[in-house]
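Student: Given next are the chains, with one letter for each unit.
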Amino acid sequence: MPKPNNFNGEDRYNFMLALVGFLQNRGPVSVSDAAAHFELDPAYLRKVVTSINEARAEVRGFEQWFFMIDVEELEENGMLSLIDNLVIDDVPKLSNRQASAIAAGLNYLATIPAFKSDPDLIELQNILAANTIRGINPLVELRPGSAEAGAELVRKAILAETQISCEYINQKDERSVRTLEPLRLDPRADGWYLRAYCPIHKEVRNFKLDRMRRIEVLDVQRSNEARSVSEIEDAIYIAAATDTKVTVEVEPEAYRLISEFKTISEPANVENGRIRAEIKVGHLPNIGRLVARYGGAAKVISPEQAKVHVKNYALAALGEPVHSKVENED
Amino acid sequence: MSAKSESAWQPAKTDKSERLLQLTCALLFAERGLTKAELFRSIPAYVEAVNSGTVEESLNRMFERDKTDLRATGIQIYTPNPAAEAEEICYVIADDTFIWPSHIDLSAKQLQLLTLAAQVWSQASLQSDASQALVRLKALGVEQAADDLIGFAPRINTHEPSFLPLTTAIENRTEVTFSYRKANGEVSKRQVQPWSLHNVDGQWLLQCFDVKQKQPRNFVLKRIVSKVQILRDGDLEVNFEAPSNELLETTTKELMDHIKGQVCELKVKRDSGAWFHFHLDDSSNSKDGQISFNFMDLELIAEELRDFGSDVTVIRPKELAEAVKAGFQKVVADHA
Numbered sequence: 002m003p004k005p006n007n008f009n010g011e012d013r014y015n016f017m018l019a020l021v022g023f024l025q026n027r028g029p030v031s032v033s034d035a036a037a038h039f040e041l042d043p044a045y046l047r048k049v050v051t052s053i054n055e056a057r058a059e060v061r062g063f064e065q066w067f068f069m070i071d072v073e074e075l076e077e078n079g080m081l082s083l084i085d086n087l088v089i090d091d092v093p094k095l096s097n098r099q100a101s102a103i104a105a106g107l108n109y110l111a112t113i114p115a116f117k118s119d120p121d122l123i124e125l126q127n128i129l130a131a132n133t134i135r136g137i138n139p140l141v142e143l144r145p146g147s148a149e150a151g152a153e154l155v156r157k158a159i160l161a162e163t164q165i166s167c168e169y170i171n172q173k174d175e176r177s178v179r180t181l182e183p184l185r186l187d188p189r190a191d192g193w194y195l196r197a198y199c200p201i202h203k204e205v206r207n208f209k210l211d212r213m214r215r216i217e218v219l220d221v222q223r224s225n226e227a228r229s230v231s232e233i234e235d236a237i238y239i240a241a242a243t244d245t246k247v248t249v250e251v252e253p254e255a256y257r258l259i260s261e262f263k264t265i266s267e268p269a270n271v272e273n274g275r276i277r278a279e280i281k282v283g284h285l286p287n288i289g290r291l292v293a294r295y296g297g298a299a300k301v302i303s304p305e306q307a308k309v310h311v312k313n314y315a316l317a318a319l320g321e322p323v324h325s326k327v328e329n330e331d
Numbered sequence: 187m188s189a190k191s192e193s194a195w196q197p198a199k200t201d202k203s204e205r206l207l208q209l210t211c212a213l214l215f216a217e218r219g220l221t222k223a224e225l226f227r228s229i230p231a232y233v234e235a236v237n238s239g240t241v242e243e244s245l246n247r248m249f250e251r252d253k254t255d256l257r258a259t260g261i262q263i264y265t266p267n268p269a270a271e272a273e274e275i276c277y278v279i280a281d282d283t284f285i286w287p288s289h290i291d292l293s294a295k296q297l298q299l300l301t302l303a304a305q306v307w308s309q310a311s312l313q314s315d316a317s318q319a320l321v322r323l324k325a326l327g328v329e330q331a332a333d334d335l336i337g338f339a340p341r342i343n344t345h346e347p348s349f350l351p352l353t354t355a356i357e358n359r360t361e362v363t364f365s366y367r368k369a370n371g372e373v374s375k376r377q378v379q380p381w382s383l384h385n386v387d388g389q390w391l392l393q394c395f396d397v398k399q400k401q402p403r404n405f406v407l408k409r410i411v412s413k414v415q416i417l418r419d420g421d422l423e424v425n426f427e428a429p430s431n432e433l434l435e436t437t438t439k440e441l442m443d444h445i446k447g448q449v450c451e452l453k454v455k456r457d458s459g460a461w462f463h464f465h466l467d468d469s470s471n472s473k474d475g476q477i478s479f480n481f482m483d484l485e486l487i488a489e490e491l492r493d494f495g496s497d498v499t500v501i502r503p504k505e506l507a508e509a510v511k512a513g514f515q516k517v518v519a520d521h522a
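In the order they appear, the protein sequences are chains A and B.
The opening residue of the first sequence carries number 2 in this note's numbering; numbering runs sequentially from there.
The opening residue of the second sequence carries number 187 in this note's numbering; numbering runs sequentially from there.
If you are wondering where the hints come from, they were derived from the structure by calculation, not from laboratory data.
Incorrect hints may appear among the rest.
Derived SDA-like pairs (lysine to any residue); straight-line CA-CA distance at most 25 Å [stated by the list, open to error]:
hint, chain 1, residue 1, chain 2, residue 2
1, B, 375, B, 358
2, A, 94, B, 243
3, B, 398, B, 360
4, A, 157, A, 111
5, A, 94, B, 249
6, B, 222, B, 243
7, B, 375, A, 269
8, B, 511, A, 111
9, A, 117, B, 443
10, A, 281, A, 320
11, A, 263, B, 350
12, B, 400, B, 427
13, A, 94, B, 291
14, A, 94, B, 428
15, B, 504, A, 286
Reference listing, derived: stretches of chain A covered by chain B, where coverage requires no fewer than 3 residues with Cβ under 8 Å from a Cβ of chain B [what the hints assert, rightly or not]:
hint, region
16, 70-84
17, 278-288
Even glycine gets a Cβ: it sits at the ideal position worked out from N, Cα and C.
So that you can see chain A by itself, here it is in the shape it has in the complex:
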């Protein structure tokens, strides 16, 4: 969700209408409760209250002030109390676009085994289906490896706040048996990620679920270190000082490679769909896999080392000898 200070004019307008409807129905409420309810900063709420109180127009010769939220109550007791409201009885219902976005989100949740037959979810899908254009549709999963086998076990561990052990194959194809403290599961289009506290590295790391096997839920409670993790980043890519910057050139078919690093706008036409961008790679040899998958729609421009990795990855996959020596490979 956007942070409140990222709210643009439309978001702020939307919130003002919603807040008036909320106060109208609910009656007086403290600023802090209202802020917590909407997950906004109380200071943001107070400014919005000022804007609402200033809403006026001169309709057919008479000046109308549409709302009054009691300023004294607010200043003295931190209470939001709507004492005058000429126009808005309720929260505006969802627009088509809003309902479609939520409906698509629900449909996506329904593809996750844990939610598939949840009666509340099904009821919500039905409510929204009756009120939306058929814009964005359920996601269909076909391949094995996409609906993740270990997900239920890992989720149990997350809810029970226990540790797990598993065998993990990393991107260097090294296998090891690990103990992890699972914190959150992130189903994404390219697979499921587990955010887990790693006792060896003493930090939260990403693990792809399709690189795990023999998952066991241990009868060991989450450590204090793992408990103290307060917030987990949404982005899968987390910058590190040791990352290598790689300049790549991509066709629209390979925009996915750069989308975490650059905002992409629509190409005007076929000729200028090719974009150059800088991406960051933690373990440089991985660039081989990342680029080669696109079979020509993505290309490394620099550094030389990265080009060699890509070429070698493709040569190895073709079963051809890899000639050039790559230095510093770890």
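With chain A's structure known, arrange chain B on it following the hints.
Tutor: Same frame as chain A, but now just chain B:
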């Protein structure tokens, strides 16, 4: 709160939220509606614009944009007398804008699911619509439950810049044109009636009616290689009739049948990353490290298989083995 973050809560100078609120309230208050001239005299933000020398043309444009913004957020403005003289045309907000369907009575658990559903978009194209929806849903007053949904953060990705313009065209039922590059590299201009967006195995597809081919088609979004242009006839957007549910269902079924007809078989190196990926320890999935499954598009599945390098060998179809190989050869040539 530091002084800096305090000032961040101030709406920007260009913030139009207060103007939109004034406009909404004035229209709701004057139940029979107001003409444009009345609005320009009534709304402080418009009056201010006039006083500071804004010419009528710019004022009109501002009003048009404001109407578009209100409609986009679901505030339904209409004119009860569209055939009247221009200066007599009235603007009214539809009665049911603030009336929720009667059966919407959410439980705490349901609000939680809706929150999760909105957050699915938090890094993707519909973020703003989803978060505005969530604000309204929360404003209904339901308290969220202390949750057992923690531990999940599903996210949809939309890497394709055509996603947002296509959702708008779908909603407004406007025909669009774009250049499309087939997997074999052939580029052609398409004119379509966009129906819906689907996601199959992580790939976004546009389901639509291809006007020139005169039949329903599916296009892979990432192969759209130009801007999505709204088709116009003079000043007017070209609209189309919504497809029937039957037609939509038939088209989806045809896609599914197409997928059912395409099978690939792979041989996977034991204990490799691919072996883990395809869960080949679970014997129901494999025999001797072989696995077969359905796929939608040869080039797209080839792309995924290239991720596994030499850990995977394509047994059939031959075309897939060739596509994987041709891609690697192109990569070698590009990085020589």
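Student: Is the hinted pair residue 94 of chain A and residue 428 of chain B satisfied, with a Cα-Cα distance of at most 25 Å?
Tutor: Given pair residue 94 of chain A, residue 428 of chain B holds - Cα atoms ~23 Å apart, limit 25 Å.
Student: Against the 25 Å threshold, does the CA-CA distance of residue 94 of chain A and residue 243 of chain B hold or violate the hint?
Tutor: Violated, at about 33 Å.
Student: Using C-beta distances, would you say chain B covers the region 278-288 of chain A, given that this needs three or more residues below 8 Å?
Tutor: violated (count 0)
Student: Starting from residue 511 of chain B, check that the Cα of residue 111 of chain A is at most 25 Å away, please.
Tutor: With a Cα-Cα distance of about 36 Å, the restraint between residue 511 of chain B and residue 111 of chain A is violated, given a limit of 25 Å.
Student: So if I understand the rule, the pair passes when the alpha-carbon distance is 25 Å or less; does residue 263 of chain A with residue 350 of chain B pass?
Tutor: 17 Å, holds
Student: Is the hinted pair residue 94 of chain A and residue 291 of chain B satisfied, with a Cα-Cα distance of at most 25 Å?
Tutor: This hinted pair holds, its Cα atoms lying about 13 Å apart.
Student: Mind checking the alpha carbons of residue 504 of chain B and residue 286 of chain A for me, to see if they're no more than 25 Å apart?
Tutor: Given pair residue 504 of chain B, residue 286 of chain A is violated - Cα atoms ~30 Å apart, limit 25 Å.
Student: Check the hint pairing residue 375 of chain B with residue 269 of chain A against an upper bound of 25 Å on the C-alpha distance.
Tutor: 13 Å, holds
Student: So if I understand the rule, the pair passes when the alpha-carbon distance is 25 Å or less; does residue 117 of chain A with residue 443 of chain B pass?
Tutor: With Cα atoms ~23 Å apart, residue 117 of chain A and residue 443 of chain B stay inside 25 Å; holds.
Student: Starting from residue 398 of chain B, check that the Cα of residue 360 of chain B is at most 25 Å away, please.
Tutor: 16 Å, holds
Student: Straight-line Cα separation of residue 222 of chain B and residue 243 of chain B no greater than 25 Å?
Tutor: 13 Å, holds
Student: Does the region 70-84 of chain A contain three or more residues whose Cβ lies closer than 8 Å to a Cβ of chain B?
Tutor: It is violated: at least three residues are needed, and the region 70-84 of chain A offers just 0 whose Cβ sits closer than 8 Å to chain B.
Against the hints set out earlier in the document, violations occur for numbers 2, 8, 10, 15, 16 and 17.
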